[in-house]
Each structure stands twice: as C-alpha cells, then as structure tokens.
Amino acid sequence: MEEDEAAREAEMRERHDAYWRENVRLLITLMSIWFLCSFGAGILFRDYLDRFMIGGYPLGFWFAQQGSIYVFIGLIFFYVWKMRRIERKYDLDD
Amino acid sequence: MATQTLIYLFVGLSFALYIGIALWSRAGSTSEFYVAGGGVNPVVNGMATAADWMSAASFISMAGLIAFLGYDGSVYLMGWTGGYVMLALLLAPYLRKFGQFTVPDFIGTRYYSKAARVVAVICLIFISFTYIAGQMRGVGIVFSRFLDVQITLGIVIGMGIVFIYAVLGGMKGITYTQVAQYCVLIFAYMVPAFFISFLITGNPVPQFGLGSQVNDGSGLYVLQKLDLVLQDLGFAAYTDGSKSMIDVFCITLALMVGTAGLPHVIVRFFTVPKASDARKSAGWALVFIALLYTTAPAVGAFARLNFVETVDGTPYAEAPEWFTNWERNDLIAFQDKNADGVMQLSSGSAFAGAPEYTGRTGASGERTVSNAPDPASANEVYVDQDIMVLANPEIAQLPGWVIALVAAGGLAAALSTAAGLLLVISSSVSHDLLKSTFRPNISEKGELLAARLAATAAIVVAGYLGIYPPGWVAQVVAFAFGLAAASLFPAIFLGIFSKRMNKEGAIAGMVCGLVFTFGYIAYFKLADPAANIEANWLFGISPEGIGVVGMVINFVVAAAVAKLTAAPPAEVRKLVDSIRVPRGAGEARGH
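Protein chains in written order, with the numbering used here: chain H, 2 to 95; chain F, 1069 to 1659.
Since the hints were derived computationally from the structure, they do not count as laboratory data. Treat the hints with caution; some may be incorrect.
[To be verified] Not everything, but these chain F residues come out facing chain H in the computed CB check (under 10 Å): (1) VAL1112; (2) GLY1141; (3) GLY1150; (4) ALA1343; (5) ASP1345.
The beta-carbon is built from N, C-alpha and C at its ideal position, and this holds for glycine as well.
The shape of chain H in the complex, shown without the other chains:
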C-alpha cells in the first residue's frame, strides 16, 4: 500500500517537473520572439529595416509603432492555445 502511494507521488512529481520544463522551454521561445520584434526590429535594427517600406511606413518605424503590438497579441493567444494542449497532455488542466 505504502509503496503504491510513494510510487504515485513520484509519478506525480515527475509529471509536474516535465510539465514545468516544457512550459519554461515554451516561455523562452516566446519571450525571444517578444524581444526580437520589439527591441530588435523596433529599436536595435531599426536603421537597417527602415530601408524597406511597408506601404508608406518605413519598416523599422512600423514595427516600433504598429507591428510589435500585433505580434504581442499573437504571442499571448498562441501561448493560451499551446498551454491548453500541454496541460491536457500532462493531465494538469484546470
């Protein structure tokens, strides 16, 4: 009996840890995109990107005042969707 309990607890801890590792990996990916489209495209590489135009917008300027905001929204909803799947996979959804 007690061994069962211990085994179940170990299995549970393993599941939690695997879930957390996968979450952190996803966070690192998404936060990198977050950084690249705002600080990268909108600030650090703006001068280079401004050589290209998107309509009447210089591209770097567009990222700084429009594009980064659209990417932010996309990132959050992707995370919502992906986390639902990860949580189901590990049977940890709420």
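Position chain F relative to chain H; hints supplied.
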C-alpha cells in the same frame, strides 16, 4: 443642438450609466469587494483591465506626446503594450492560482514574512498615489475646458462619482463600470480618428491611413510629407528620433516591466475563475488596449500635420476658434517675437517653462506672457502637448457631437483608472495592514468597513493632490513604472520561477532596487533638475529608463543574498510547486 449642450448631455448620460451600474452591483463580502468574487468572465475582465489600464495619460496625453516626439514616442507604444506579454506569460496565471486578494498577499506569503508584506505595501501605496494624482489632473482639464466649471469643482464632482461606485461596489462595481467606461472611451477615441484619417488620406482606418498617401494630390505618403514639413521648419524628421538608442531601449523596457508590476493591473487577474482564464484575459485586455494604441500614432501624426498646417504662417487675428479657446485655458500661448502679428513655428521652444500670463493683451489681441523669450529659437507658439487629442476634433472641424464624445471619453478614461487605483490602495490598507499584519482578529464586516473607509480617505487625498498638485507629482508620475519595475516585478517573478529565493534575498532586492531608482529620479528631477542632461546620466540612461538598472540591481542583490542565507522552508517550496500547475485554483479566498 449647440456643442455645449451636447457635452453636458453626453457627460451627464455617461455618469448616470456608471452610477446605475454601481447600484446594481454592490459588494456584499470582502471577496466581492477585493476581487469581485473571483467569477468574472475572462473577456469581460479583459475589457475592464483595458479601461483600468488606459488612463487619462493614454487617452489625453499619449497621442500628443507621439505627435511631438515622432519615432521616440514608440517607447510608450511598445512599453505600455509589451508588458502584457510578460503578465500573461510570466505572472498572471501563477498569481491567480495562488488565489488570494492582493499583491502584498503574495509577497508576504511566498516570502513568509510580515516585513516583506509591509515593504510591498509601501511600494504599492507610493506607486498608486503618484499615478492617481495624474488622473485627477486629467479630470480637471476636461472639466475646465469642456464643461466650463472651475477645475476644483470639476475634481470634486469626479471624486463624488468615483466615491459612489468604488466605495459601494468595490471591485465588483468597478469591474462592470469599467466595462461601460471602456465602451465610452474607445468609441470616443475611434470616431474622430476615423473622420480625420478619412479627411487626410481617404482611408478611414487610421492604422492604414498612417501608411497611405496624403489626399492632396502630391502623391506623398503621410509620413514623408510630415518629415518634409517638419524639416522645412527646422525640426528633426518625424520618423527619426532624438533620443539615444540605449535610452529608447531602457525606457521601453522599464515601461514594459513596470506595467507588469503595477498592482492595480495585476489585481485584475485575481478576479477570473481559473488560472488559464488569467492568460486568456491578459490576451483580451491587450486586444482592447491595442485598438487604442495602434490608433494613437495615427492620431498623433495627423494632429501634428493639421496643427502645423493650420497655425504656421497664420496671422493671430485670423487664428481659428479652437486656438483662442485653448489659449483662454492657459494651454496655448503666442509670443510675437518679431512683432509681425503672424504665428511662426520652428524647432525649439518659444520660451522656457509654462506660460505666465500678464493679464494684458498684445498688439494682435493675444494674451501676452512675461516669460523671457528664448533667443535661440524663432518659435513663437507654446502648446501644451495634452491638448492634441482634445483639440483634434476641433482642429479638423468635426461636428459638435464628436467633441462632446471626446469629453465623455476623457472622463471615462480618467475615472476608470482612478477607481482601480483607489481599490488597490484601500485593500492594501484594510487587508494587508489591518487584517494580515496589525489586527488579525478583525471580523469580515469590520474588514469590509475598513476597506470602505480607506477608499474614502484615499479619494479625499487623491482629490486634494488633484486640486493642489504639488510640483513633484507632475515630475514623478511617469516614474511609477520605474519604481514598479525595480521593486515589485522582480520579487514576484523570482517568487514563481525560483524555489531557492528566500525572504532575505527578496527584501534586500526590493529595498536596493527601490532606493536606487528613487534616489536617481529624485536627484535629477527634484534635487538638481539643471543637471538632468545626457552627459550626467549613468550609462546615458535618463531617469525615465533607470528602472531597468534598478531591476538589474534588485535581481543581482536578491540572488547574492539568497545564496548566502538559508533556503526557504519546505512548505514554501510546496506552495511554489502548487502555483506552478493550473489544476485546483478555487475561488479567491482569505486566510
């Protein structure tokens, strides 16, 4: 109907709506007062968050700031939206899973320490009060310009309205009023933007209009034309900035992290039913915010173009009506340096500081000012950036009902944010200081009464700060973000993502981050404003962006101190384990 009548009508109707909602959704328990019972639909909560977040600064000031800063204005656009990614990914779901009422609740429990809780309360109260004074000033501006009442009376009316729904309704009343306020403010912002975008470019969608060609047959794009017009007058090109790259970088980051650390924003995610709803809710909040934030740069650019084209080279005697209206309200001044009666715009400021009107009129009928003219600049017109959004419909000669709508929208933006801030102040007093620290035996009824009394006191203080704004408030209001970035955000983040972080590390980190940031800002903004130039800044980072350095100091000190002191107790590690998984988030609960 006359514009003035329409303004009274629109503002009156919107106020009646807010009060009606407040009476319908009174709070009966502390859980309803603090977190609306934890049962708010995520999309509804997203909308309320957007109203809570978009303050008088977003509605009234931001487009004007961008209009005058050009590319540099991007720091506000990215800074005040990017923080929601951090909230949704790094903080909100875990804090919701934790499931209590306030931000100091989390810090106090996670760091098993009353001292940590009290430090968090101090950060929170300081951040919230600097922020709220700005809201009351926004209410005052709208009242005095559009409703023709004294600023003082305007603020008292605003206080009365907030009192009714914040004190009666608590978080529950505020949430549903904020939904109504969001609808009012976004409608009020979009309608004139559609009109103006259509007038200038022929494309009614401002997000596309800003990237389109100007309607005047020149074949130039809006931004090209703006660059040309401004460079002709000696200004920098609109699409070029004048801030250094490191400063733009740091200000943007400080605003993002600060947003994620602002207590009145975080607490909104305590009101949804589940941890996964907190993520969804942050996404919706950003959608509702982005609607205004992607429109603002278009409004700013159009306003700048309209303003330059209408004012530059126009004789004062032929100045449009809005110009003299705002001049009467002390927000515009014309100093005829070359005594030709014609208004000339140019780079640089007409004179130093805010206008000091002499009470006499000059040769062309303008209100003269006693400020010494700036000899280095040919600019003759002083304009307060705050008027751009409010004056925009008038500059573009839009109909009276649009102007009335903008007045109601400005008030909605200011009141919704003020209410959210009042709530976190009152709950930190009644819940964190009384119930959790000094009077643990207080009854539920007593706590609810204390919360209402604290909200009342906070309204009175906020109103006082609005009526008699001490000089420092205007100077530091933008720094609420720097302080939040340097104090609360790292403590919360480490509390979730590091099991090893202990109370010694967290407290030392918060105190060092806060003291450093506060000291830097106070030195350059209050003690020695003359020294506030790039050459004197640490690494070339302005006081607006210094919160980033404060945050780094916080992280480094916290990590070092935690390494040298004992690991947190087992039950705290267990707590961290449990907030990391979404399953099992119940209703937000007390202790």
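Discussion item. Tell me the hint numbers this structure goes against, listed in increasing order.
Written reply: 1
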